[in-house]
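Protein chains in written order, with numbering that gives the first Met the number 0: chain C, 0 to 407; chain Z, 0 to 161.
Pulled from the structure, derived: some chain C residues nowhere near chain Z, Cβ distances all over 12 Å:
hint: 1; residue: Ser71
hint: 2; residue: Asp83
hint: 3; residue: Ala146
hint: 4; residue: Gly234
Pair by pair, the computed Cβ-Cβ distance ranges are:
hint: 5; chain 1: C; residue 1: Gly166; chain 2: Z; residue 2: Gln89; range: 54 to 60 Å
hint: 6; chain 1: Z; residue 1: Pro107; chain 2: C; residue 2: Ser211; range: 44 to 50 Å
hint: 7; chain 1: C; residue 1: Arg157; chain 2: Z; residue 2: Gln89; range: 53 to 59 Å
hint: 8; chain 1: Z; residue 1: Pro60; chain 2: C; residue 2: Gln72; range: 51 to 57 Å
hint: 9; chain 1: C; residue 1: Lys407; chain 2: Z; residue 2: Asp40; range: 27 to 33 Å
hint: 10; chain 1: Z; residue 1: Ser150; chain 2: C; residue 2: Ser211; range: 57 to 63 Å
hint: 11; chain 1: Z; residue 1: Val131; chain 2: C; residue 2: Thr314; range: 46 to 52 Å
hint: 12; chain 1: Z; residue 1: Asp40; chain 2: C; residue 2: Gln72; range: 30 to 36 Å
hint: 13; chain 1: C; residue 1: Lys1; chain 2: Z; residue 2: Thr118; range: 53 to 59 Å
From the structure, some residues in chain Z lie toward chain C, with a derived Cβ separation under 10 Å:
hint: 14; residue: Arg44
hint: 15; residue: Glu48
hint: 16; residue: Glu51
hint: 17; residue: Ser52
hint: 18; residue: Asp55
hint: 19; residue: Ser70
hint: 20; residue: Ser78
hint: 21; residue: Gly79
hint: 22; residue: Ala81
hint: 23; residue: Phe103
hint: 24; residue: Leu108
hint: 25; residue: Asp109
hint: 26; residue: Glu112
hint: 27; residue: Ala133
hint: 28; residue: Ile134
No lab work stands behind these hints, which were simulated from the structure alone.
Note that the Cβ used here is the ideal one computed from N, Cα and C, for glycine as well.
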Amino acid sequence: MKLWASGIDIRRGGPDTKVSSRRRNCSSCPAMGSPLPKRSPNLRVISLIVVVALFCSRITFAREPATPAAQSQALWISNTNSDDSFISELVDSQLVRSGIPRASLNTGHSNVGPVGKIGFDGAGNLWIPFCGDENLTYGLVAAFSPAALAKFAAGDRRVKPIAELTGAAFNCPIALAFDHSGNLWVENAGFFDHPGQSIIEYTAASLSQNGSAPIVTLTSNSFRFLRGIAFDGAGDLWIANPANDANDGVLEFTPQQLSDGGLQTPGLILQSSLFINPHDIAFDTANNIWVAYDGGSPQQPSLGGVQMVAAANLTGSGTVAPPAAVTLSGQGQTPCILSVCTPSALAFDQSGDLWIASRTIAEFTAAQLTSGDPSIPQVILAPNFVNAKGTSLNFLGAGSLTFGPATK
Amino acid sequence: MKSRLLSSGAMIAIVALISALTLTELSPRSFAASDDLLNYDGRNRTVAECGESNYDTCPHPVCNCLTSTGSASGAFTGSGFATLAITVTQPASNECQQFNASIFVIAPLDLEELDFSGTSCDNMRTFSGNYVIAISQAGHSGSGTFSGKTSSRPLRYTLNFH
Numbered sequence: 000m001k002l003w004a005s006g007i008d009i010r011r012g013g014p015d016t017k018v019s020s021r022r023r024n025c026s027s028c029p030a031m032g033s034p035l036p037k038r039s040p041n042l043r044v045i046s047l048i049v050v051v052a053l054f055c056s057r058i059t060f061a062r063e064p065a066t067p068a069a070q071s072q073a074l075w076i077s078n079t080n081s082d083d084s085f086i087s088e089l090v091d092s093q094l095v096r097s098g099i100p101r102a103s104l105n106t107g108h109s110n111v112g113p114v115g116k117i118g119f120d121g122a123g124n125l126w127i128p129f130c131g132d133e134n135l136t137y138g139l140v141a142a143f144s145p146a147a148l149a150k151f152a153a154g155d156r157r158v159k160p161i162a163e164l165t166g167a168a169f170n171c172p173i174a175l176a177f178d179h180s181g182n183l184w185v186e187n188a189g190f191f192d193h194p195g196q197s198i199i200e201y202t203a204a205s206l207s208q209n210g211s212a213p214i215v216t217l218t219s220n221s222f223r224f225l226r227g228i229a230f231d232g233a234g235d236l237w238i239a240n241p242a243n244d245a246n247d248g249v250l251e252f253t254p255q256q257l258s259d260g261g262l263q264t265p266g267l268i269l270q271s272s273l274f275i276n277p278h279d280i281a282f283d284t285a286n287n288i289w290v291a292y293d294g295g296s297p298q299q300p301s302l303g304g305v306q307m308v309a310a311a312n313l314t315g316s317g318t319v320a321p322p323a324a325v326t327l328s329g330q331g332q333t334p335c336i337l338s339v340c341t342p343s344a345l346a347f348d349q350s351g352d353l354w355i356a357s358r359t360i361a362e363f364t365a366a367q368l369t370s371g372d373p374s375i376p377q378v379i380l381a382p383n384f385v386n387a388k389g390t391s392l393n394f395l396g397a398g399s400l401t402f403g404p405a406t407k
Numbered sequence: 000m001k002s003r004l005l006s007s008g009a010m011i012a013i014v015a016l017i018s019a020l021t022l023t024e025l026s027p028r029s030f031a032a033s034d035d036l037l038n039y040d041g042r043n044r045t046v047a048e049c050g051e052s053n054y055d056t057c058p059h060p061v062c063n064c065l066t067s068t069g070s071a072s073g074a075f076t077g078s079g080f081a082t083l084a085i086t087v088t089q090p091a092s093n094e095c096q097q098f099n100a101s102i103f104v105i106a107p108l109d110l111e112e113l114d115f116s117g118t119s120c121d122n123m124r125t126f127s128g129n130y131v132i133a134i135s136q137a138g139h140s141g142s143g144t145f146s147g148k149t150s151s152r153p154l155r156y157t158l159n160f161h
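Using the sequences provided together with the hints, build the complete structure.
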């Protein structure tokens with residue numbers, strides 16, 4: 000059985016050899032993400048370019064043999080649109096300016112149902128949840144080493160996962176996250192007529208063992224349509240739970256509840272008078288929570304957006320609806336296509352910039368997020384579906400965003 | 000040592016090529032080739048939705064919605080992605096139709112919204128009217144006229160903003 004239409008095999012493979020990537024290392028070169036220099040008809044500019052390029056090349060040649068290259072980050076996207084479900088990668092050079100980026104990796108169509116929210120472990124392995132098919136196959140979580148991903152990006156389709164987890168406990172896994180000890184938590188969304196939502200935990204040590212089993216299974220009567228999950232700095236697990244009822248919101252489970260497992264009542268349900276149907280969550284470095292949500296209730300209609308609730312307001316128990324400190328949306332003067340349209344996924348990059356997926360993928364810089372007027376994103380990335388299809392697609396229907404090691 | 004010399008030579012060749020390309024781009028001829036602010040070429044696949052902007056409203060009580068997604072290129076924006084939504088009055092026999100519309104450009108040099116309105120004739124085959132730059136991340140402003148047409152098989156929109 001193939002995981003992807005383009006050919007990754009489902010059978011477990013042996014450990015992959017590591018490959019190193021070479022990258023220019025020149026502090027005098029223009030910084031990635033810096034504004035484009037304005038054109039000038041002055042030949043001195045060209046002379047300066049030549050001088051800087053020569054200087055950079057000398058530095059590069061001098062350092063190459065001795066200095067290992069820094070690992071660059073890439074934006075990894077799990078795409079689930081009506082016709083297709085695949086993973087794609089946009090390397091950092093494709094993220095610095097608006098337009099139509101080119102993907103450096105596209106897995107092709109998933110053969111094991113829709114792909115969910117992906118994650119990287121501490122070794123840089125990519126873990127992918129596959130929903131499976133209610134009647135034909137169990138859900139699956141498969142892991143790929145950095146070397147396997149690099150081989151795949153280079154065109155070699157004969158790569159194998161280094162681990163796969165499956166069985167009756169995998170009832171449409173659609174999201175995963177690693178806690179601060181490296182343990183893997185998998186969220187089962189269940190199927191429409193076969194709910195069985197749950198959160199299951201695999202210890203870090205068990206992930207490299209054959210036939211390992213989850214050590215914790217957590218369920219809750221509050222679970223409805225589970226979506227994105229994330230750990231905060233204190234080790235609490237937060238779960239986006241679109242529900243259209245009193246359980247709609249973001250659910251929090253404490254480390255003690257996670258350790259105990261079983262049937263649990265959320266320690267906290269975070270709601271807002273402005274949003275319904277939260278889809279994804281992310282925490283910034285100050286432990287503030289960012290929630291991507293659909294528009295408001297019929298009583299208070301609004302467009303979808305992203306709200307940040309300060310860490311200081313994420314306290315207490317029961318249901319809370321503190322005010323949002325920041326709201327990003329397409330309401331007001333900026334149309335949502337140039338801002339935020341019904342977002343489906345969130346991720347912070349290493350610089351603290353927030354990336355939001357909807358019909359496009361928009362970047363708001365950390366400075367914009369704190370300025371109080373983040374109306375127009377710094378960068379907007381657009382899909383290439385008009386002129387591309389299959390493995391040529393850069394992204395389409397982004398269901399999750401994750402920053403991780405780049406393949407190039 | 001030999002490979003190092005080759006690498007140095009290759010780097011100098013690349014720099015020379017970049018310099019030549021830069022000089023070519025700086026020549027006045029490349030900017031004088033067209034007075035168009037923006038050219039759009041798209042198909043009838045949807046990204047934008049009607050009503051996306053405050054300007055894209057129905058000029059009469061009853062309207063139809065047209066959307067298109069494709070590419071745009073212009074001096075202010077560079078080449079990139081664009082999507083538009085047109086809210087147009089319903090057709091009447093032998094009459095041109097009024098419309099309000101917005102086009103959104105996502106390109107390396109700018110993020111822009113152009114609002115435009117005018118008339119469409121010959122069963123939506125031709126468009127003409129006026130536009131204004133409503134939003135520009137780079138701070139551009141301006142207004143002018145535009146013209147355009149649709150062609151079928153597959154349905155394709157071509158618009159030129161002057």
